[in-house]
Amino acid sequence: MKAGTLTCMVSGLATAAVLFSSAVLAQDATKVVKLRTEKVALYDKPNGKKTAEYERDKFKGPWPVVDSSPEGFLQVEVGDARYWVRQYAVETNKVVRTTAECSAVVAGKQPKAAATRGIGEECKK
Amino acid sequence: MNRARAVALAGLVLAGCTTPGQKPGEAGGSSPSFSLPGVFSSSRNKPIIADLKSGRYEASSLAVGQEKDLARQRGESLGFVPSPALESYLNSIRVKLVLASGVTDVPGKVVILASRDLAAHSTPDGNLYLAAAWLDDLETEDELGALIAHEQSHVLLKHHSADILAGVQKRSQAVHELAVSAKTQLEKTPVVSKSDQRALANNQMLAEAGDKVIMPAWGRSQEREADLLGVDLLVRAGYSPIAMTAMLERLQAWEKKTQVAEEVFWQRANEAARQNPAQAVGMAAKRMLDSLSTSHPDTGKRIEDIASYIDRHHGDIKLPKPKKVEWENVKKRPEIKEVMSHYDLAFTARRFFEQGKASEAYSPARSSATGRTATHAYPNWILSKAAMATGRGNEAVAALDRAIKSNQPIRKVYDEIILVNEQRGNLDVALGWTDKAAAAFGEADYWVPDKIRLLRKVGRVAEASALTVKCSVETPDSRKRCQEANQTPAAAAKR
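From first to last, the protein sequence lines are chains A and B. So the first sequence is numbered by our numbering: it starts at 1 and just counts up by one. So the second sequence is numbered by our numbering: it starts at 1 and just counts up by one.
Derived by calculation from the structure, the hints in this document are not laboratory data. Cβ coordinates follow ideal geometry from the N, Cα and C atoms, glycine included. Take these hints with a grain of salt, some might be off.
[What the hints assert, rightly or not] Under 10 Å between C-beta atoms, here's a sample of chain A residues computed to sit facing chain B: (1) N47; (2) K50; (3) Y54; (4) S69; (5) Q75; (6) R82; (7) V96; (8) R97; (9) A100.
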């Protein structure tokens with residue numbers, strides 16, 4: 001096998017790999033799937049100037065997330081333009097992990113001695 | 001009369017649920033002089049913190065005392081994860097948040113529960129209990145702050161006071177039942193009259209409605225308030241308010257994880273419906289009642305409410321960077337790393353043990369009860385179980401001994417000692433352990449039914465009956481178990 005052919009094959013494989021990984025990345029890319037507030041403010045930069053607002057009722061499809069800032073802003077593509085939004089105001093398709101599990105021993109649980117208030121319901125089985 | 005009082009109480013409770021915008025102490029609706037905690041509206045113009053009365057904190061009338069509360073709560077679950085360094089860090093976050101509230105002399109501290117469930121709660125004494133699972137899941141100091149801020153808000157807003165009404169209603173029901181029982185005995189009639197039966201049934205129905213529908217609805221409004229005041233506290237303390245939604249997203253992830261179990265349940269119910277329709281109806285009805293009794297609102301809705309609230313009241317602030325490195329550095333500290341990893345091993349061991357894999361449970365259990373956690377109750381308790389199940393009797397006894405002598409014991413150890421002694425016929429010894437257990441856990445009432453049963457078994461019937469009456473009136477939640485225990489066949493009376 002000639003060196004030129006080998007180089008061509010390697011280059012071809014590399015291109016295929018890049019294309020494949022891009023396709024996978026595009027599939028797995030983070031997107032805004034829902035607006036949590038009635039109007040979502042669009043900023044020019046993280047903690048920057050509010051340039052526009054987007055109404056929840058007009059939200060049609062996902063907004064690709066192209067960047068994020070440590071302060072909790074996401075850069076999104078809205079049509080042809082890019083804006084920054086506050087992370088809490090939108091819901092993305094990003095999977096949130098949790099290591100919590102349900103205890104299997106609930107049956108023997110005694111009534112609580114004192115009134116309590118809690119953040120989550122206890123596991124029910 | 002009693003029935004009328006119960007109806008009135010339920011009415012007051014309902015009034016509290018349906019009066020949005022009413023503030024504590026503010027006149028409202030048909031009960032002008034009656035104020036209820038937990039009735040802020042999330043669409044108000046002012047942030048919730050604006051209405052929080054600054055100055056000295058007024059202790060809750062339901063508080064039982066710091067040490068007693070800690071002892072009782074240790075008994076409610078599988079104990080705490082004692083780690084002075086970690087507790088000190090978590091409490092420093094709590095102090096910042098309390099300072100931000102403007103309320104002074106707020107009692108309480110943060111304690112870590114030995115639990116793999118995503119759970120957290122607060123008590124009238126101001127103590128905040130966070131399950132260890134949260135420490136693995138939360139990624140920044142701000143998210144920890146959000147969890148603490150939520151629980152602290154329940155304390156600051158005195159949400160626990162709502163339970164006074166529920167307690168009064170249940171006690172009233174217990175007293176009524178006792179009165180009917182006494183009347184029946186005095187009249188020497190073998191059956192309860194029809195009118196008394198109706199009154200008892202109505203009382204029972206009201207108590208059920210209170211437990212399953214009314215109180216949880218009120219609870220849901222309180223959860224929203226705690227979320228929102230928590231946001232205010234985070235902002236004032238310099239944390240990112242986004243942390244509140246991030247923290248709740250973990251809870252939402254857990255709910256999605258457990259949704260699979262819910263789907264499996266309904267599949268089973270469908271299968272049962274084909275074979276035994278009556279059983280299926282019972283299963284479905286119970287599940288629906290359970291879902292009605294959920295005291296927390298839908299998490300997705302909570303997150304949306306918080307997002308709108310931040311926009312409305314804190315939309316102009318510059319969002320600070322969450323403190324990620326600080327929390328990561330704390331987790332890397334040798335003492336904290338060792339304690340947390342040993343508890344993870346103990347949790348793993350317990351999971352194996354519950355799956356019937358005792359031999360697989362033994363190794364992590366043994367590793368969990370070493371080093372800094374060598375004398376901790378939880379790792380030694382699970383080690384004793386795994387060792388016993390794998391034929392290592394001496395090691396099991398030694399581990400159980402360490403668990404009992406631990407300065408922070410857990411309830412399971414006492415439960416098992418009482419059970420083993422009872423099964424072996426050492427009734428007086430078992431009876432003695434019920435008292436020791438109550439003393440170790442802040443005079444908690446869990447062991448009262450055990451004590452009643454054992455008193456009857458040793459022939460001390462009068463004492464058992466007196467204790468049953470006391471239990472029925474003072475601790476209505478244990479009433480049924482106490483009354484069942486008082487049906488235990490009695491031995492001949494002791495002279």
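Take the shortest C-beta to C-beta distance between A/R97 and chain B; is it under 10 Å?
7 Å, holds
Double-check A/A100 for me: the hint is only fine if its C-beta lies closer than 10 Å to a C-beta in chain B.
A/A100 check passes; min Cβ-Cβ to chain B is 4 Å, inside 10 Å.
Agreement of hint A/N47 with chain B interface, Cβ distance less than 10 Å
4 Å, holds
Does the closest beta carbon of chain B sit nearer than 10 Å to the beta carbon of A/R82?
19 Å, violated
Report holds or violated for the interface hint on A/Q75, using the least CB-CB distance to chain B and a cut-off of 10 Å.
With Cβ-Cβ at 14 Å, over 10 Å, it is violated.
Are A/S69 and chain B close enough, Cβ to Cβ, to be under 10 Å, as the hint says?
Constraint on A/S69 satisfied, holds at 9 Å.
For the hint on A/Y54, does the least C-beta distance to chain B fall short of 10 Å?
Violated: closest Cβ of chain B sits about 13 Å from A/Y54, beyond 10 Å.
Against chain B, with CB atoms and a cut of 10 Å, does the hint on A/K50 hold up?
9 Å, holds
Chain B contact restraint for A/V96 - C-beta distance below 10 Å:
Given a least distance of 4 Å, the restraint on A/V96 holds.
Of the hints listed earlier, those the structure fails to meet are numbers 3, 5 and 6, in rising order.
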